[in-house]
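Construct the entire structure; sequences and hints are all you get.
The sequence shown begins at 1 in the numbering used here and counts up one residue at a time.
No wet-lab data here; the hints were simulated from the structure.
A quick note: this is a predicted structure, and the numbers were derived from the prediction, not measured.
Misleading hints may appear alongside valid ones.
[Claimed, not checked] Subject to a maximum C-alpha distance of 30 angstroms in a straight line, what follows is the list of computed DSBU-like cross-link-like pairs (lysine-lysine):
#1 K166 with K356
#2 K173 with K237
#3 K412 with K213
#4 K144 with K356
[Unchecked claim] Computed beta-carbon distance windows for the label pairs:
#5 E267 with D210: 39 to 47 angstroms
#6 E270 with R362: 30 to 38 angstroms
#7 R72 with S206: 46 to 54 angstroms
#8 Q431 with H203: 23 to 31 angstroms
The C-beta atom is built at its ideal place from N, Cα and C for all residues, glycine as well.
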Amino acid sequence: MEKKKQPEDRFWPTKFLLATAGLLAFLPSCSSQPGVYQEPGVLHLARGIEAFDTSRSAQAEVIEPEGTLTLREALSLTLLGNAELSSFSWEIRASEARALQAGLQPNPELEGEVEDLAGSGDFSGFDEAESTIALSQLIELGGKRTKRLRVAELGRGLATWDYEAKRLWILTKTAQEFVEVLAGQRRVELQTASLGLAREVLHTVSERVDAGKSSPIETTRAQVVVSQSEILLERAKRTLEAARARLAANWGSTTARFQSVIGTLEETPEVPALDTLTAWIVENPDISRWSVEIAERQARVELAEAQAIPDVTVKAGARLLQGTDETAFVVGLSVPLPLYDRNQGRRSEAAFNLAKANAQRRAVELRIRTALSDAYQSLLSAYREVETLRDEVLPAARSAFDGISEAYRQGKLTQLDVLDSQRTLFEVREQFTEALSSYHHARARVEGLVGRPIENLDKGGPR
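The structure is reproduced here in structure tokens:
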């Protein structure tokens, strides 16, 4: 009696493929987390000031100020509304997406194949056909996924440092333009006072001319000074409006709606020693970023080395033989032979880029040290000029003008003496304003290079 054939499990290929898929999904090893790197901290200059944040569903609305404006408010408006800075924020999000993509495993591939059909003889139909269905999976060797993910994570770190560098630059620029508005307001005040003083001199001269004590030509001379003062006042107003517009542009406004800025232009803290400032340049993001940059270049070297190791593709599936109604396993393995391409070019490129990064780091450090030295000399020069003008020159010029004006009223000096002392007083006042402006410009530049106010350098120390 013929032995009865056991019924074939028609779902066996499907069950096999499901088991194979689970095995292939397990084969790529889980990569460890990339090494940590130093994240940029909150810069002292921006501490406590809200900035644009792409992670929020709704950003704080930039409300245009319409009254008075402080430096802190100007910085806050800039961090919230500056379009250039917000683009750097989005670059951080883009780098996070690249890191996500870098950590993904290769997708498995599903193959289907039918052989021995539509031929001749016994193979003219499908009765003798062999159907194969299989899954294949690329297995990355040499830790490629881990190394690729580390490169992407370090790239995200670089984007974060670049954002901090841009934020510091924009804060410095905003502070300098705030000083320009503050100095512009002072120039308008000085020119208004100078015009008033010129009119007082004109009034005094007119009284002497009316009394027959001076020639009428002196009235003309005094009137010329008044007209010149009016021109200078109008010029100061136009310069102030331009400075206001530049300041407002930092937070994306096309017009300046604020009425005025509030600040103490004459507040000039003593300048610390250059060595003290130099110790803090390690806080500068343009320098701090290079530790991450070099780590990223080194990670690329390691990735290029790993990419020289061939990957393995494993294949597993099931085959159905129509002629005998039987099934069989199908397994396969493929490995590229690195006879010609061993990633030599990319390995050399990565090594050269690492050497380049080390050279660039030294160049950046030298550039920032030189910039700090230049800014420091400008700051120190402006500080000494301010002190001399405030303590010696301004009081002397004012005293001389008052004394000469009184002597002129008494007929002891000529009008030329009055006009000369008046011009000297105007020039000294303007020089004092320019010295104050130069001091605060240089101070903002120095603070931008060291990342904190100069009066807070003794609190703590560099990281």
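Against the structure, the hints:
1. Pair hint K166 plus K356 holds up; C-alpha atoms about 23 angstroms apart against a cutoff of 30 angstroms.
2. Distance hint between K173 and K237 is fulfilled; the C-alpha atoms sit about 22 angstroms from each other, no more than 30 angstroms.
3. In summary, the hint linking K412 to K213 is supported, as the alpha carbons are separated by about 11 angstroms, within the 30 angstroms threshold.
4. Between K144 and K356, the direct Cα distance comes to roughly 24 angstroms. Compliance with the 30 angstroms bound is thereby established for this hinted pair.
5. Take E267 and D210: their Cβ atoms lie about 46 angstroms apart, and the range 39 to 47 angstroms holds.
6. Between E270 and R362 the CB atoms are about 33 angstroms apart, so this pair conforms to the stated range of 30 to 38 angstroms.
7. The hint said 46 to 54 angstroms for the Cβ distance between R72 and S206, and at roughly 49 angstroms that hint holds.
8. The hinted window of 23 to 31 angstroms between Q431 and H203 holds, with their beta carbons roughly 27 angstroms apart.
Consistency note: the structure conflicts with none of the earlier hints.
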